[in-house]
Amino acid sequence: MRVAILGVGQTSYEREKGISLDELVFEATKNALEDSGLNLQEIESVVTAGSDGLDGRAISNMTVSGSCGAYLKDEVKVSDGGIYGLVLAYLRVASGLFGNSLVVSWTKSSEVSPDTVGNLSFDPLYLREAGINPITYSAIQVSLYKHITGARDEDAAKVVVKNRGNALKNPLSHLKRKPSVKEIKSSRFVSYPLREIHIPPESDGACALVISSERWLKTRKKTGQKYAWIRGIGWSLEGYYRDEKKELVKLSSLRKAAKTAYKMAGIKNPAKEIDTAEVSDITAYHEIMIYEALGFCGDSEGIELVRKGVTEIDGELPVNPSGGILSSNPIFASSLVRVAEAALQVMGKAGERQVKGVNTALAQGFTWSGTQGSCVVILDNRI
Amino acid sequence: MSKELLFISQHWNIEFNHAAGETASVFFRAIKERKEILGRRCPACKRVLLPPRSFCERCFVDTLEWVKVGKEGTIEAFTIVYEQFRGLPKPPYAIAYVLLDGASTAMVNFLKKVDLNNLQEALERIKIGARVKVVFKRKRRGRITDFWYELLHT
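Residue numbers (the numbering used here), protein chains in the order written: chain A, 29 to 411; chain B, 115 to 268.
Careful: at least some of the hints might be erroneous.
Mimicking DSBU-like on lysine-lysine, the simulated pairs with C-alpha atoms at most 35 angstroms apart in a straight line are [stated by the list, open to error]:
no., chain 1, residue 1, chain 2, residue 2
1, A, Lys274, A, Lys186
2, A, Lys278, B, Lys253
3, A, Lys210, B, Lys241
If you want the footprint, here are the derived chain A segments under chain B, 3+ residues with CB under 8 angstroms [unchecked claim]:
no., segment
4, 151 to 165
5, 288 to 298
If you're looking for bench data, these hints aren't it; they were derived computationally from the structure.
Here a beta-carbon is modelled for each residue, glycine too, at the ideal position from N, C-alpha and C.
Turn these sequences into a full structure, and let the hints steer you where they fit.
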């Protein structure tokens, strides 16, 4: 059964929002309902996605049960990146079990040291005590990617300038300043080859979507609203230790997820058929790695897309017109934000950051650190 | 009334006692008692897995054979850390993925005995493809930190 995104709700993204976790979630959920035109009584299912470790609450979906609209509803949580909340909600709706669903994800980075929780997310026997956290792990991946492809510091700088520049047109952005190339070059190395400016900020923020089946939509009065139809969706996991050289940078799970989503959506040439993409730039270099895994170019050709400006907002295939994770990073919600922003592009509701002539958009997310799990969603506005 | 927003500080202090299981126990005891690094060979794909696992996730069969791997290997990827992360060592320090001779998969650990204070100088020495040796701690506890890598030909 066909499934559409009817409404998108986000909070602004900030270092420290000065509201409680449940207030944060309430804001995003309320915005999504309002955008969809549905009221809470009409909602049949709620799927949440958050991290107990980052929230500092075991079974943290109980903390937000009221604020995500789950009172006496069929709520279920995935303890994975927000885009996996969409996967589960999609399955619940596509199967016909539910007519519609909310999907809600959040992180209040300001309440904890995310890197410390990130270290705890790695295996306690072999990786945790060897200094692995999301940043050092990403840096190790990037060292190999640079070695194989010849990607340079300047290429990463271009990605940062692009995404942070796009963020200036997104009123929700956390970082609202476009850095100069010189400033990026003098940014300190946190974990070589990653400079501080190649790594996303830590943000407070929440994101929510309302989705429904085509069948359920037919029971409602026609509103003339634009929807973002989920044309393709795929997700996959690869080996946890990722200890074979090629595997570390190949992003095999992303390749598999993309293949599944493209097949379902009937996409044969992604670089031509996709009008814009929101991807998980967990570092500036990862955005370039993702281009290759998504088939926007051949292997080792990602740097060419950057150098030729193909993925700039006025390029042939704009990537992260919202500013990406490099500009706003509500960690677990960041992958759902990719879907939300892609949906806004498809609906023509992205305001100043709207890319012209978008009919088909792609959203991509990882589980969290390590990039071993990946999900790809293809949206379009065909009725 | 004051509009000051309050924060409630709390601290998790939970002890976990993670079971290593039989395969990891043999691996860690070999490091502790005999200064040996042991991998497990998958009978189907023949890969020698490090860290050792009691099963191969690809072939989905039990791994039964222990293989002693070399104490030298090649750097496949690395990072040099300059940030103080909570719970991690005082920077600077280097972490490397090293493919030990005779193993099919690389193993993560610290790379020591290189001056990291000057990054450019450090990068002259730490390179992907560089050869390293395994060095064992004198007092070993049966942990991954019982050994580290050092560059050969320094």
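So, going through the hints one by one against the coordinates:
no.: 1; hint: A:Lys274 - A:Lys186; verdict: holds, 25 angstroms
no.: 2; hint: A:Lys278 - B:Lys253; verdict: violated, 39 angstroms
no.: 3; hint: A:Lys210 - B:Lys241; verdict: holds, 26 angstroms
no.: 4; hint: 151 to 165; verdict: holds (count 11)
no.: 5; hint: 288 to 298; verdict: violated (count 0)
Hints 2, 5 from the list above are not met by this structure, while the remaining hints are.
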